[in-house]
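This is what each chain is made of:
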Amino acid sequence: MTTIRSTAAEMAAALAAGTTTSVELTNAHYAQIEKVDGAVHAFLHLDKEGALAQAEAVDAKRKSGTEMPPLAGVPLALKDLLTQKGVPTTCGSRMLEGWRPPYDSTVVSKLKAAGIVILGKTNMDEFAMGSSTENSAYGPTHNPWDLARIPGGSGGGSAAALAAFEAPLAIGSDTGGSIRQPAAVTGTVGVKPTYGGVSRYGLIAFSSSLDQAGPCARTVLDAALLHEVIAGHDERDSTSINAPVPQVVKAAKKLDVKGMKIGVVKELQGEGFQSGVLSRFHESLDALVSAGAELVEVSCPNFDYALAAYYLIAPSECSSNLARFDSMRYGIRVGDNGERSAEEVMKLTRHEGFGPEVKRRIILGTYALSSGYYDAYYGSAQKVRTLIMRDFNAAFAKVDVLVSPTAPTTAFKIGEQVDDPLAMYLNDIATIPVNLAGIGGMSVPCGLAAEDGLPVGFQIMSPAMRDDLMYQVGGTLEAALLSKWGAPILDKAPVLVGN
Amino acid sequence: MSGISRDDVAHLAKLARIEMNDAELDHLAKEMDVILGAVARVQEVAASDVPPTSHPIPVNNIVREDIVRPSLSPEEALSGAPAQSEGRFKVPQILGEE
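Protein chains in written order, with our numbering: chain R, 399 to 897; chain C, 57 to 154.
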């Protein structure tokens, strides 16, 4: 029987077999949202009317005998930074409160064309800047494993929706780890595709050379099925890669890593990594060896500088991208009393509309790009980016994929790091190199840390446009751990009883 | 290198068109000092013979055929405007009155 705890692949099979309908599935997920989202706060907005209309249309088409795409009728949660025509899109910011975009992002167009049912928009750190979802202007999301803890960020809403069985699939975006780190701390799967693999048209830009939308799910196969829906060339994004989409579904089903060389990154497992994270990571390495992989220790010395480079490059690009929020064409406008100038209104609006972290990064980026400091900061960071890409290239000459823990710790308590930006930035230490190099990265659940019983993520990194390799390793690891545990990791999460 | 002053932050806020009160400027000046102190380490390895990378993949201008195709209607384009008038965006005064 299909339930909200089924995988997306199982739901799709039940829909195809006629044992359930999309309307039934959609209503079941809304019932769960009704029950638990008061406590979890994964969603900022629900689009019941639109979702049920899509579900009914898919059911009717299927009934008429039309052949349907693989995920047609399966519900999904959408991160609130992708435009969906007519549906509120806030990016977790007051700046866009009440804004309803007049167009669909390419990701949304593809989801709709695939018959996927978009339940609503998920919470996030404002403009995707953060690692805890505490920077949302609409209040934090709570981790379903422990409601006092963060669900990761910036895509904490999407990851929490999956872990709380409010949706079987979700879309996230990953600029420095915003898909993978939430996946790690919620016991779910998250994938950052190769840069240029998924169109950025309609994805509200934070750092354009790093941003990438990607699939979030509870299993590797589900993520792969969604990946193939949203990936592909788009003439509306000039950085979209015009090449065939890697065959990730086929790769996720291989369940075999015999003869594969897996590089263990020396720099991403030492100081600052929680002991329970490291022990689950090493167990997973053993599981991959048992499955026939060969481990190779790899050194990427410049990764030690990745965090510093990222916190110059991303704020620099953000200071430029967020200049578009000028209170003139969309978004809120503050203080327009008929006497103030456009510039004064702009300044007041940006003061009210942006939260502390966004302001911090705009100011940091403005500084790094300003004359006299450009070479020392932004210019140096761009050179580090080159060095990191060289480290990856040298490593991938020796191994098929690279691996590390996804995040240095399990989920921390809400409020614990909110006053310490540098501590917060360290959460992304293992995920950031992937974005700087534009390659693929995935987080797969690899167990619970002994000391706190919270989920740990295993990160797999693959060369650009070889996303299939990380799905192959991720699928194999998932299967090996499942046979060891006897049940999916989310079965160990507390059952949310609701109000 | 650090030592960013409150006045520096006030100047940056002006460049970035963000109004900031005294308390915000004081707080941000302290934070910027700490953050810049941490990120300045990029200078340790950024040797002069290392070329900078701005983008992970080569970026080229891509042009499409210059043909008319559907786009947003004026009503759709204006649908999110904070203020509008006669089918246009209505904005506060840009130039002074003199």
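For the record, the hints were derived by calculation from the structure and aren't laboratory data.
No experiment lies behind these values; they were computed from the predicted model shown.
Every residue, glycine too, gets a C-beta built ideally from N, C-alpha and C.
Mixed in with the good hints there might be a few duds.
To be verified - Calculated pairs, DSSO-like style, for lysine-lysine (alpha carbon to alpha carbon, straight line, at most 27 Å):
{"hint": "1", "chain 1": "C", "residue 1": "Lys-86", "chain 2": "R", "residue 2": "Lys-811"}
{"hint": "2", "chain 1": "C", "residue 1": "Lys-146", "chain 2": "R", "residue 2": "Lys-483"}
{"hint": "3", "chain 1": "R", "residue 1": "Lys-461", "chain 2": "R", "residue 2": "Lys-446"}
{"hint": "4", "chain 1": "R", "residue 1": "Lys-508", "chain 2": "R", "residue 2": "Lys-648"}
{"hint": "5", "chain 1": "R", "residue 1": "Lys-890", "chain 2": "R", "residue 2": "Lys-811"}
{"hint": "6", "chain 1": "R", "residue 1": "Lys-659", "chain 2": "R", "residue 2": "Lys-796"}
Claimed, not checked - Pair by pair, the computed Cβ-Cβ distance ranges are:
{"hint": "7", "chain 1": "C", "residue 1": "Glu-100", "chain 2": "R", "residue 2": "Lys-811", "range": "27 to 37 Å"}
{"hint": "8", "chain 1": "R", "residue 1": "Lys-446", "chain 2": "C", "residue 2": "Arg-125", "range": "28 to 38 Å"}
{"hint": "9", "chain 1": "C", "residue 1": "Asp-64", "chain 2": "R", "residue 2": "Leu-693", "range": "41 to 51 Å"}
{"hint": "10", "chain 1": "R", "residue 1": "Lys-664", "chain 2": "C", "residue 2": "Val-106", "range": "27 to 37 Å"}
{"hint": "11", "chain 1": "R", "residue 1": "Gly-484", "chain 2": "C", "residue 2": "Leu-151", "range": "29 to 39 Å"}
{"hint": "12", "chain 1": "R", "residue 1": "Glu-681", "chain 2": "C", "residue 2": "Glu-132", "range": "28 to 38 Å"}
### Query
Which earlier hints can't be squared with this structure?
10 and 12
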